[in-house]
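Colleague: Residue numbers (this note's numbering), protein chains in the order written: chain A, 64 to 204; chain B, 64 to 204; chain C, 64 to 204; chain D, 64 to 204.
If you're looking for bench data, these hints aren't it; they were derived computationally from the structure.
Each residue gets a CB set at the ideal place from its N, CA and C atoms; glycine is no exception.
Treat the hints with caution; some may be incorrect.
Stated by the list, open to error - A short list of chain D residues far from chain C (calculated; beta carbon distances all over 10 Å):
{"id": "1", "residue": "V69"}
{"id": "2", "residue": "I84"}
{"id": "3", "residue": "K143"}
{"id": "4", "residue": "T169"}
{"id": "5", "residue": "P183"}
{"id": "6", "residue": "R185"}
{"id": "7", "residue": "V201"}
What the hints assert, rightly or not - The calculated DSS-like cross-link candidates involving lysine-lysine, where the alpha carbons are at most 27 Å apart (straight line), are:
{"id": "8", "chain 1": "D", "residue 1": "K146", "chain 2": "D", "residue 2": "K115"}
{"id": "9", "chain 1": "D", "residue 1": "K66", "chain 2": "D", "residue 2": "K143"}
{"id": "10", "chain 1": "C", "residue 1": "K115", "chain 2": "D", "residue 2": "K182"}
{"id": "11", "chain 1": "D", "residue 1": "K103", "chain 2": "A", "residue 2": "K161"}
{"id": "12", "chain 1": "A", "residue 1": "K103", "chain 2": "D", "residue 2": "K161"}
{"id": "13", "chain 1": "D", "residue 1": "K115", "chain 2": "A", "residue 2": "K161"}
Stated by the list, open to error - Cβ pair distances, simulated, as ranges:
{"id": "14", "chain 1": "A", "residue 1": "Q139", "chain 2": "C", "residue 2": "E157", "range": "50 to 58 Å"}
{"id": "15", "chain 1": "B", "residue 1": "D110", "chain 2": "D", "residue 2": "K66", "range": "40 to 48 Å"}
{"id": "16", "chain 1": "C", "residue 1": "F104", "chain 2": "D", "residue 2": "V111", "range": "51 to 59 Å"}
Number of protein chains: 4
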Amino acid sequence: MNKIPVYEREVQYYETDQMQIVHHSNYIRWFEEARLMAMKFLGAPYDVLEEKGIVIPVLAASAVYRAPFRFGDIFQVRLKIVKFNGLKMDIEYEIYNKDSGILSTTGQTSHAFLGQDRKPLRLKKEFPEVYTVFQNAVCQD
Amino acid sequence: MNKIPVYEREVQYYETDQMQIVHHSNYIRWFEEARLMAMKFLGAPYDVLEEKGIVIPVLAASAVYRAPFRFGDIFQVRLKIVKFNGLKMDIEYEIYNKDSGILSTTGQTSHAFLGQDRKPLRLKKEFPEVYTVFQNAVCQD
Amino acid sequence: MNKIPVYEREVQYYETDQMQIVHHSNYIRWFEEARLMAMKFLGAPYDVLEEKGIVIPVLAASAVYRAPFRFGDIFQVRLKIVKFNGLKMDIEYEIYNKDSGILSTTGQTSHAFLGQDRKPLRLKKEFPEVYTVFQNAVCQD
Amino acid sequence: MNKIPVYEREVQYYETDQMQIVHHSNYIRWFEEARLMAMKFLGAPYDVLEEKGIVIPVLAASAVYRAPFRFGDIFQVRLKIVKFNGLKMDIEYEIYNKDSGILSTTGQTSHAFLGQDRKPLRLKKEFPEVYTVFQNAVCQD
Chain A
64 MNKIPVYERE VQYYETDQMQ IVHHSNYIRW FEEARLMAMK FLGAPYDVLE EKGIVIPVLA
124 ASAVYRAPFR FGDIFQVRLK IVKFNGLKMD IEYEIYNKDS GILSTTGQTS HAFLGQDRKP
184 LRLKKEFPEV YTVFQNAVCQ D
Chain B
64 MNKIPVYERE VQYYETDQMQ IVHHSNYIRW FEEARLMAMK FLGAPYDVLE EKGIVIPVLA
124 ASAVYRAPFR FGDIFQVRLK IVKFNGLKMD IEYEIYNKDS GILSTTGQTS HAFLGQDRKP
184 LRLKKEFPEV YTVFQNAVCQ D
Chain C
64 MNKIPVYERE VQYYETDQMQ IVHHSNYIRW FEEARLMAMK FLGAPYDVLE EKGIVIPVLA
124 ASAVYRAPFR FGDIFQVRLK IVKFNGLKMD IEYEIYNKDS GILSTTGQTS HAFLGQDRKP
184 LRLKKEFPEV YTVFQNAVCQ D
Chain D
64 MNKIPVYERE VQYYETDQMQ IVHHSNYIRW FEEARLMAMK FLGAPYDVLE EKGIVIPVLA
124 ASAVYRAPFR FGDIFQVRLK IVKFNGLKMD IEYEIYNKDS GILSTTGQTS HAFLGQDRKP
184 LRLKKEFPEV YTVFQNAVCQ D
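If we strip away everything but chain A, and leave its shape as in the complex, we get (with noise of 0.2 Å):
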């Protein structure tokens, strides 16, 4: 299994609000930009996906926020996918501050694999490609 690299990038101004941190709906969307990053690092890149016909809508996502993240800051987002069944998809991340180092964010997603009907899929039968690309990046930890 190939490792989902680490995503990175710099806090931007418009992220911030006036208690002169990063807004916290912010994070529920670094979760995202880390996740679309990892699906295309595995070969699975959603808008292909989308093409298809597949849609992965977000069925839950929580964050603990524990040291907040301010304009300048460079954040780092590791994932790893904890469940995956072909039907459900659960996701976790932790975003850390790079200089620091410090664990800023906790969270989780949960997702379903759905057609373009809004249905369930049956993955593993209808895109077995794409079942063996996430069946292969669950983490073994």
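Use these hints to put chains B, C and D onto chain A, whose structure you have.
Modeller: Quick look at chains B, C and D alone, frame taken from chain A:
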């Protein structure tokens, strides 16, 4: 012609940035909020137009920021359709601070009327009832 | 205890994504909109608290998405303060589709009460009038 | 004068709307992303300026949308400072689609240099080192 009502709401916390004021990109969204309210008021709600196969993308947008908004302020958007010919439409906006009455932001957007194939529509011929709505709403000042 | 009113507004176009539904990060913002409305209703508007030197950052947020919202829908947020001890506060949210009555999204946020130095406040001692507001608003269900 | 590098990144999923293209308000944010990268490159990072007590709010912003961006596209922003006199600054932007090379969006922003009291600064006198950075970066075309 029915007078388009003023669009009004409170500033949200997540719309502020660390300069303690509303981030300037949000005013472009406030123009959209007011524009879609106006289309609904005029009898051409945007979701209904999209169902008919009409999309109205933004060709250009501009804003001049005279005075900032802060969290807790209430803003009011006054808009007028200043040009419409069945192919394109120009709208002008004024955003006021409700409490102080100060004109805070002015702006303009330009729009095209396209079909689902993203090709220009002949609105007057293909959707005369929609054409009439916008034609009657053009400001006569 | 006064009953906290329902927070209601229309879905904005810019809140949708190319899956034709509201992007999941926005529900975290809707929780905030409802929370700040509730604080205003209860007599502790957030801008006034910030002026007093009280900030109430989010320690954790979670959402479970049962049914999506689309552009044109009206959503209603019902919230209750389920825990408050002067140091921390937990709030639960339910978001309903106004027209269908369907419970679309549930969620929870946790908060701390901090001073301008970002250190924990002893709210009961330092701001007893604010303590009382939240203490009286805790849901007794 | 050092040439300001091109700012480049991928379109994020949450930047799309239900028209299946990037929502037009995001281009105003892309201008900011490129502008802050440029200031950092020139030796005047915005977080450092804010620490010195200099804020540079946006007085006006405009964009002309020629061709849309979609999820998965990579955009490139080229900018030039077209005017600077120590009190105000105008910047022009061109956004290209990296793969097609198409010029997708053009725009302009205008800025003031203010102190923490939000009053105009005499940059040349009060912060000559910052004045020089911008003065040297003005495009000579």
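Colleague: Going through the earlier hints one by one, which of them does the structure break, listed in rising order?
Modeller: As far as the earlier hints go, 2, 14 and 16 are violated by this structure, in ascending order.
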